[in-house]
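Visitor: Sequence:
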Amino acid sequence: MAGIWYARTMRHPDPTLLAIAALAMASPALARERQPAVQVSTTRLDQAILAIGRQTGTSIGLRDQRLAGMRVHALSGNLSAHQALVRLLRGTGARIRQTGPGTFLIEAAPKPVRPMTTVRQRLSPAPVQPAREIIVTATKRAIPLSDYDGSATIISGDSLNFADSARGTDAILTKSASLSSTHLGPGRNKLFIRGIADSSFTGPTQSTVGEYWGDMRITYSAPDPDLRLYDVKRVEVLQGPQGTLYGAGALGGIVRIVPRPPDLDHSGGQGWTGASFTQHGAPGGDGGAIVNLPIVEDRLAVRAVGYAGIDGGYIDDPLRGKHDVNQVRTVGGRASLRFDPVPDWSITLEGTFQHIRGRDAQYADRDGDGLSRASGLAQPYRNDYASGSITISGEIGSAQLTSTTGIVDQYLTERFDATTTLNGEALKTPHLSFAALALSAYDESQRIHLVNSETRLSHSNDDGSGWVVGINGMTAISRVHRNVTDDSRVAPLAGIRNRVDEVTLYAQASAAPFDGLLITGGGRLTWTRLSGQAQDIQPVFALRIDPDAQASRTETRALPSFGLHYRLVQGMSVFARYAEGYRPGGLALHRDYVQRFRGDRVGTWEAGMRWQGGDHAPFDISASIALTRWDDIQADIINGLGFPATANIGNGRVHSLGVAASWRPVSGLTVGGALYLNDSKVTIPDPLLMSVLITDISRSSTLPNVADVSGTTHIEYSRAMGNGRTLQVSGYGRYMGKSVLGVGPGLSQPQGNYFDTGVDIRFGTQRWGVSASLTNLFDSRGNRFALGSPFQVRDGDQITPLRPRTLRIGTDISF
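Converting from the sequence shown to this note's numbering requires adding 11 to each position, the first position being numbered 1.
It cannot be assumed that every hint is accurate.
Distance windows between CB atoms, simulated [stated by the list, open to error]:
#1 399 / 102: 33 to 43 angstroms
#2 377 / 466: 50 to 60 angstroms
#3 378 / 616: 36 to 46 angstroms
#4 555 / 532: 41 to 51 angstroms
#5 109 / 304: 18 to 28 angstroms
#6 354 / 304: 13 to 23 angstroms
#7 460 / 806: 35 to 45 angstroms
In case anyone wonders, no lab produced these hints; they're calculated from the structure. Cβ coordinates follow ideal geometry from the N, Cα and C atoms, glycine included.
Using the sequences and the accompanying hints, generate a full structural model.
Guide: Here it is as structure tokens:
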């Protein structure tokens with residue numbers, strides 16, 4: 012309404028009214044300017060500042076009406092209101108003046124003035140304010156959420172405190188009911204969205220969820236790297252297949268993490284530290300720093316983040332006389348350099364690394380206290396992740412060009428207990444000596460090398476219409492090596508090398524035939540070359556079942572999508588969408604031989620509604636229903652001898668229903684929640700599965716890791732305490748319903764059916780603060796995951812408990 016009132020006053024301007032408007036439209040005090048996606052076409056100055064104010068949630072006044080009709084150039088990018096106005100007014104003879112928090116005034120200047128003042132800027136999470144408009148940048152052309160024809164969860168970086176950031180992907184799970192995960196440990200989990208889950212094990216298959224850091228793909232056939240969320244601008248979770256825009260591996264949707272870019276105008280930094288205390292376990296801690304430094308004012312800046320953390324262990328192993336064995340250490344950082352050579356063009360270089368080392372596995376025995384197990388040996392793991400990218404963006408006329416090229420290397424090593432005993436209870440006998448056991452360890456290492464490059468051109472109009480067209484090239488190489496260690500002897504097993512080369516053209520466009528209706532259509536054409544080879548043992552032996560498995564082959568895929576979005580009334584809309592996704596095939600390991608598996612494909616119909624109340628109706632609600640068909644499902648299963656294996660298990664379907672809502676009853680308070688219902692089945696089992704893999708998939712078997720019910724609740728409260736001090740309180744609850752570990756005999760182990768909770772409190776100013784976080788308030792055990800070692804999973808006695816009640820005390824300071 013404020014924007015409408017402003018537009019009306021522009022037709023009959025009054026200097027006094029315009030000055031009052033700048034104050035009346037001012038949003039509540041913001042601890043820090045947001046940097047949303049800003050898109051302004053070449054137009055009059057008065058229309059441009061109206062668009063910037065709407066997109067950034069700020070108020071912009073215009074005192075001198077002689078400037079109103081001035082033509083200004085187009086503008087696009089992730090910018091704060093101040094940055095957008097500086098660029099907009101460059102060389103126009105006008106200047107900006109900030110009159111209050113989130114309030115700006117444009118006025119004539121004697122001569123063009125470039126701001127040279129270095130302002131200290133707080134880089135920590137600020138009190139959460141309801142955004143006037145949420146922009147979905149993962150659509151690759153910055154579409155307002157109110158015009159998006161699908162389901163999405165947008166998590167502001169301001170809502171992620173340091174305790175959240177240290178938890179990495181787990182923090183996203185608590186804020187998105189549609190997202191779920193396995194729980195082997197940080198750096199070795201698989202993510203799933205809206206019930207599109209293939210298996211519990213990490214093999215050569217590509218993930219069903221596409222993960223992106225900015226515009227760069229960060230995984231392929233590898234587990235979630237679990238990058239820590241420090242200094243993140245936002246997280247976007249798009250539900251449903253995203254094959255048209257993102258290609259292979261986005262069957263369930265995508266998770267896109269957007270880091271904060273270097274700030275060209277302000278220098279500053281922040282440091283933080285925290286100590287954590289886990290009930291029934293060992294202490295831990297975390298710390299780090301963020302620095303932003305402009306090198307050349309308004310042209311060149313660098314931003315760097317460094318962090319380290321220890322998650323104290325809480326699993327005991329009485330057989331080995333060990334306590335708190337599952338400690339995890341994480342060290343990481345990233346740095347980015349931004350250069351704006353000319354107005355509206357930017358070049359960003361970024362490098363990221365992270366090292367995760369788990370001292371032992373996370374699981375416990377189902378019997379007993381739920382925090383201990385009897386195992387014959389330690390089962391450590393590590394995940395080393397490194398990436399580098401260059402992004403070039405700028406304007407060509409009224410279109411936005413973005414080109415990103417990135418390289419990712421990920422190295423994962425895991426050890427599983429493959430110990431055999433005379434009977435399944437031997438390891439649980441306290442007085443049993445190791446001499447009575449045939450100790451064996453199964454070691455697996457994966458090295459993934461990914462090169463990805465994409466260039467796209469996009470354009471958006473004020474009515475929501477627009478287009479995007481792009482070209483993408485990708486090469487992914489993965490190597491898997493395996494061996495069994497028994498009595499100090501190492502016996503190599505068959506390994507594999509998979510290579511995927513992909514070239515893609517894609518396009519998507521939206522049209523608005525009349526006010527309120529948007530029609531979207533798109534398609535992706537992908538050419539893929541698949542090749543691979545056996546490693547570590549003689550090919551004639553490794554390929555004895557499928558001699559032609561090493562032969563390279565090509566696939567051509569066409570992925571269509573289309574959608575409708577209709578605005579019924581202001582703030583309320585309905586939408587419908589159809590989209591497809593796929594994963595290419597490859598080579599898989601079965602016991603000691605190599606065999607091919609086919610690519611799979613999903614098609615999803617989705618319909619839903621969305622109500623965004625805005626300032627005068629303080630509640631939002633959305634609901635959607637999705638029907639998915641899944642052909643030739645790829646899944647990593649357990650074969651007859653206990654080894655992880657990959658196969659096409661047949662065709663299936665997934666039905667989902669989701670509802671999300673938030674309410675702002677009073678200023679500073681937001682309450683919300685989401686609920687998802689899933690129903691999944693294997694409808695047509697693969698007829699060859701039983702004969703080849705010595706296992707069987709029954710018709711109507713439930714797909715693994717698909718919780719029948721999942722839900723989240725959250726509350727956020729902020730109150731000014733005087734003298735610049737603010738009290739911030741947030742809390743969450745997350746329920747995960749029942750699911751099973753896998754498909755086939757011996758894998759129907761129950762898991763899930765637990766409730767997780769947490770609360771965070773921070774007191775302080777923009778420059779300093781103290782905080783306390785408490786997770787698992789009720790000290791619940793639960794069973795997040797029913798897998799520890801695949802070689803012992805058929806005994807059905809493995810669970811992965813929640814981390815016991817943990818208190819973190821932290822401090823942060825800005826400079």
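Visitor: Each hint should be assessed against the structure and marked as holding or not.
Guide: Hint-by-hint comparison with the structure:
no. : hint                          : result
1   : 399 / 102: 33 to 43 angstroms : holds, 35 angstroms
2   : 377 / 466: 50 to 60 angstroms : holds, 52 angstroms
3   : 378 / 616: 36 to 46 angstroms : holds, 45 angstroms
4   : 555 / 532: 41 to 51 angstroms : holds, 48 angstroms
5   : 109 / 304: 18 to 28 angstroms : holds, 22 angstroms
6   : 354 / 304: 13 to 23 angstroms : holds, 22 angstroms
7   : 460 / 806: 35 to 45 angstroms : holds, 37 angstroms
The structure is consistent with each of the numbered hints, conforming to all of them.
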